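A.B. asks: Protein sequence lines correspond, in order, to chains A and P. Residue numbers 1 to 121, in this note's numbering, belong to the letters of the first sequence in order. Residue numbers 1 to 503, in this note's numbering, belong to the letters of the second sequence in order.
Rather than coming from a laboratory, the hints here were simulated on the basis of the structure. What you are looking at is a predicted structure, and each value in this text was computed from that prediction instead of being measured. Here a beta-carbon is modelled for each residue, glycine too, at the ideal position from N, C-alpha and C. A hint or two may mislead.
As the list claims (entries may be wrong) - Label-pair distances were calculated between CB atoms; the ranges are:
(1) P:N427 / A:F85: 35 to 41 Å
(2) A:F85 / P:G501: 34 to 40 Å
(3) P:V28 / A:R97: 25 to 31 Å
(4) A:R48 / P:G501: 24 to 30 Å
(5) P:Y365 / A:R97: 38 to 44 Å
(6) P:K432 / A:L21: 31 to 37 Å
(7) A:A15 / P:V28: 24 to 30 Å
(8) A:L21 / P:K24: 26 to 32 Å
(9) A:F85 / P:S319: 30 to 36 Å
Unchecked claim - Here are the simulated BS3-like pairs of lysine-lysine, each with C-alpha atoms no more than 25 Å apart in a straight line:
(10) P:K453 / P:K27
(11) A:K96 / P:K2
(12) A:K111 / P:K27
(13) P:K103 / A:K27
(14) P:K106 / A:K96
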Amino acid sequence: MTLLLAVLVGVLYSAGIYMILRRSLVKVIIGLIFLGHAANLLIFTIGRLTKGIPAFIPAETDKLAEPFADPLPQALILTAIVIGFGVQAFAIVLFKRAYQTVGTDDLDQMKYTDELKEDEQ
Amino acid sequence: MKLLIVLPIIIPLLFSVIMLFFWKNVKVHKVLNLIASIFSFAAAVILFSRVKNFGIISLQVGSWQAPFGISLVADLLASIMVLLTAIIGFAASVYSLGSMDEKREKFLYYPLLQFLLMGINGAFLTGDVFNLYVWFEVMLISSFVLLALGGKREQLEGAIKYVTLNLLSSAIFLAAVGILYGIFGTLNMADLARKIPMVEQKELVTLVSFLFMVAFGIKAAVFPLFFWLPASYHTPPIAISAIFAGLLTKVGVYALIRVFTLIFVQDTDFTHTVLLVIAGFTMLTGVLGAASQNDMRKILSFHIISQIGYMIMGLALFSPLAVAGAIFYIIHHIIVKTNLFLVSGVVDKMKGSFDLKKIGGLYKYYPMLGLLFLIPALSLAGIPPLSGFWAKFVVIKAGLDIDQVLIVAVALAVGLLTLFSMTKIWNEAFWKDDPKGNEDKIINSFSSITLSKKVMMFSPIIILALITVLIGFNAEPFFNIASNAASQLLNPDEYISMVLGLR
């Protein structure tokens, strides 16, 4: 299972990096989402996968028996998913607005701010 | 007394939430924003004096003992940064009152400003790596909105570059946090600092340190990762640019200083040499980029990059004097850079353009503005006796002390080129005649601005210029504070035992 997830994380990273190197805005945002998911799954995998042993202390003892599933990586991922969702939603709206204003979704044509030019005001 | 540490976070949060209840009531927003800035400033001063006199304060939020809960820690560096944030936040708030257009104010400019300040303060005060990530996101989302607010074409294009690269940086940061947790099973910085010497896989730790270097490097705009900065920082209104220029990249620098003095010190020969190379290239590319520009804001944006190089250089040299120099440099730079942006905003209001080829003759009509520009400009270039001279002097002296001649040579050459850029702005905007010969018309459009708005615009510039002169003529106490902060960073025992409650 760990190996499978590791491969999946790798695939998501490579797909994400490939996508953000594309010129289309939509592909860039998909790439960013992939990278976010890859990071989340990486935390999940690296926090050691333990199946079916929740971190509850049984009634008859007062200590957790090893091994148990570490709940912290899941809390981290939950936080990261929520943050990622908000930020990505903002990014999508921003990209749509930019598309409407600039009239293209080709990143190569969005060099208005980088050109050395006379101020047009 | 420990609750003092949450005030710089709570005050902006509380006031921005109250502001949201007065939806689009700009007058209330203005008043509340000013009150919030004053309270934040007072809280920052008290926190700073307390940390300076009585040592590090740490608070375990919700009384969950470290390393299990989230720690807030105010050491000297963090409290200096919080104080600077409060000063810049106050300056930008006052300046906004005189210069911000009503449309942006109606679209919640002031609450967003306070949310941004909350995120910045949180990033400075946290003692937990994952919590640092969360504060970075709070700060970023506010800065995204502030950058794009107004929806002009150049703003949106700049925002796309800014948002994309910062999201990439966040993803890398998050992955690095995950791997760090996988190795150590803790994310509390003090606990990490204690556990790192015991780890066996030293190479893995070095690898993670590079992920952090890239993630924070993007936010700090260091050499190969800075392209979002000159593409975006000049696009929003000047009050926003000024606060970004002063504070946001410095959060990245602060995070670099924090992790590379507290956590990743197991292989300084390698990591800090890489940082030194990065610092050299950052200085050079920044200053050369500035030399080719004609837009005042773009010149100043590129100079942020070159100045970041000096701070990274101080960190990379990693001697007590060098780290003290880096901290002193941050203090000087935040004040000066914000001020230069504010002055460029006034120039735009007077002449209707930031383009150096289209403006001129300002000195003839406003000699006082010329003086107010010269103080931060010469300070940025490092002319004695202004603050920039001492900052550069300390960093360069630290470099000479450990025989890093090459980086010292780069630093000195970059100082000279900075002077060239500042002289260029001075010659073009202030000294030469107006190219269109229409001084009177433009001056009229500036004089149509009401006196109270002019006061709002000029008073922060004057205050920041006075602080620059004060640091310049009275550098010793400032340097002592910086060097105390550096010794706290380089001997983290007090930090660790304070957070973990070992005594």
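A.B. asks: If a hint holds in the structure, say so; if it does not, say that too.
C.D. replies: Here is how each hint holds up against the structure:
no. : hint                       : in the structure
1   : P:N427 / A:F85: 35 to 41 Å : 51 Å, violated
2   : A:F85 / P:G501: 34 to 40 Å : 36 Å, holds
3   : P:V28 / A:R97: 25 to 31 Å  : 28 Å, holds
4   : A:R48 / P:G501: 24 to 30 Å : 28 Å, holds
5   : P:Y365 / A:R97: 38 to 44 Å : 40 Å, holds
6   : P:K432 / A:L21: 31 to 37 Å : 44 Å, violated
7   : A:A15 / P:V28: 24 to 30 Å  : 48 Å, violated
8   : A:L21 / P:K24: 26 to 32 Å  : 41 Å, violated
9   : A:F85 / P:S319: 30 to 36 Å : 44 Å, violated
10  : P:K453 / P:K27             : 14 Å, holds
11  : A:K96 / P:K2               : 46 Å, violated
12  : A:K111 / P:K27             : 38 Å, violated
13  : P:K103 / A:K27             : 33 Å, violated
14  : P:K106 / A:K96             : 22 Å, holds
When each numbered hint is compared with the structure, violations occur for hints 1, 6, 7, 8, 9, 11, 12, 13.
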